[in-house]
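Colleague: So you can see what is in the structure, the chains are spelled out below.
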Amino acid sequence: MASRSVYSEMLLDHYRHPRHYGTLDRADVVRRGRNPRCGDEIEIAVRFDGDRIGGAAFRGRGCAISIASASMMTEAVAGKTTAEVIGLLAELSAQLAGIAGRQTGPAPAWFAALAQIREHSARHRCVLLSWEALAGAIKRDGR
Amino acid sequence: MSKSAASAAPALPGSERVRAEFPVVKLRVAGRPLVYLDNAATTHMPDAVAAAMDECRRRYCGPVHRGLYPLAEEATRRYEDARARIARFLNARSKDEIVFTRSTTESINLVACGWARARVGPGDTLWVTRLEHHSNFLPWQRVCAQSGARLGIIEIDDQGILQWESCPELFGPKSRLIALTYVSNVLGTISPVRELVARAAERGIPVLVDAAQAAGHLKTDVQALGCDFLALSAHKMYGPTGIGALYAKSERLAEMEPLLLGGGMVERVGETGSTWADPPLRFEAGSPNLAAAVGFAAAAEFVEGTGLDRIAAHLEALTRSALGCLAEAGDVVIYGPRNAPRAGIISFNFRQVHPHDLAQVAGEIGVALRAGHHCCAPLMSRLGVAGTARASFGVYNRAQDVEALMAALARARKDFH
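Residue numbers (this note's numbering), protein chains in the order written: chain A, 1 to 143; chain B, 1001 to 1417.
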């Protein structure tokens, strides 16, 4: 059985003090992600700056993992290109699925905090909910 | 008391003697003992059940109803003895009223597809309750969608009590079947099955009882209940996974079509048509799960040997204790009635902590709780939540386990506030 807590200090910090929680000025797209199995509902708002993420915010209700993941995401994607964001989601999904990916240098702390939830398959959707909503927002906007 | 008399007296639920029969209670998680409070999901098997299944493997495993040599005859005899044991456990009139299935879910699907589907049409109503597990909801929903019949739902009040007496159409001329749970897997409430069946019988309305949570916790006497069908699973009453049973009155079984066709359930196979064997074998196509049937019977033996009254009293005491502690906590919402009897199951939520986080944290310190919708979306919708946490007790739980539950809540409170 897993011996390390899912709830790292970093994750709990993002849950207790979520970054970019609320609405976003001049949002280009607002998209909702929902997990009917547990009732987690996260709404993502994103503003584009060319092909980059100009800003992202979120609000909603859900478990600590879904909230923390959304918070970490809004920080991590700021300034990244939409292609990089899609790539990050793919890498995160692969990590959770236990598929070894290319490691190009040490993973950022937030990525490691989410990737270590790999051992708890019942919580994978909680991690990915906000990311998939953001990816959906990017694709819907035609980027 | 002499040694033989002492060992002949049944072990009390929660006692070290009973716990000694379950290796799982000795498991440790992160250096702490496992406190297993998810018995409504599945229970653990005592050594006696595992031993019976292993004896099957060692001594008489063979084809059932299919061979003429002594080993095959012995296997057949043991399988049918297991059927007879389950019939006695349920107080059925005859062992031929017991069909072995894979589970409660399969039993209910068998009745829906093999019996109800042919008997309902536009204008008819099939009734379920707001409390139903998806396994006793979806099969009826599909029968209605296919047949044009209406799915009626018997509602609950804010305490979770079934409002069957104020449901005017329930016993009306268009009601074709009532399917209800005996014990709610979310609220632990006990449905008034006997009274409802008696009223239904006056109108000739058959009743199916989902006894998944009741069997092994309360007396399930099909003649006393008077129901037409009753479904149960072995793994929820200290037996193996992969086997359950459908009890049905013989006149109902005679009317029923099989779900699966194949070897062992047929009388005569022709090129243009075939005839089925008599029940119960009509409904047991393919090689049966012999070892699991033997384990199921051994589980019935264990439950009756321990004493259903003792088990029920033990679960009631633990539930009362847990309810009291949870109510005192002040930041916990408890679902269901405070004062009606419960069969060892409590659903609750922290006001500030998502049930999944509670269950995750509890799991990390060795307390196994369930969180989610418990396959009861209609009930969750009525309660106004997406999910709850659930603690459910079994024969090996003891008073300290309630303390462990409260310690897990304290830990979650600290981590997430």
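Hints were generated in silico from the structure; no laboratory data involved. Some hints could be false.
What the hints assert, rightly or not - Taking beta-carbon pairs under 10 Å as the criterion, some of the chain B residues facing chain A (in silico):
| no. | residue |
| --- | --- |
| 1 | Leu1071 |
| 2 | Ala1371 |
| 3 | His1373 |
| 4 | Glu1403 |
| 5 | His1417 |
To be verified - Below, a sample of chain A positions facing chain B; criterion: calculated Cβ distance under 7 Å:
| no. | residue |
| --- | --- |
| 6 | Ser8 |
| 7 | Met10 |
| 8 | Gly39 |
| 9 | Ala64 |
| 10 | Trp110 |
| 11 | Phe111 |
Yeah, the Cβ is synthetic: ideal placement off N, Cα and C, and Gly gets one too.
Colleague: Can you list which hints this structure breaks, lowest number first?
Modeller: 1, 4, 6, 7, 10, 11
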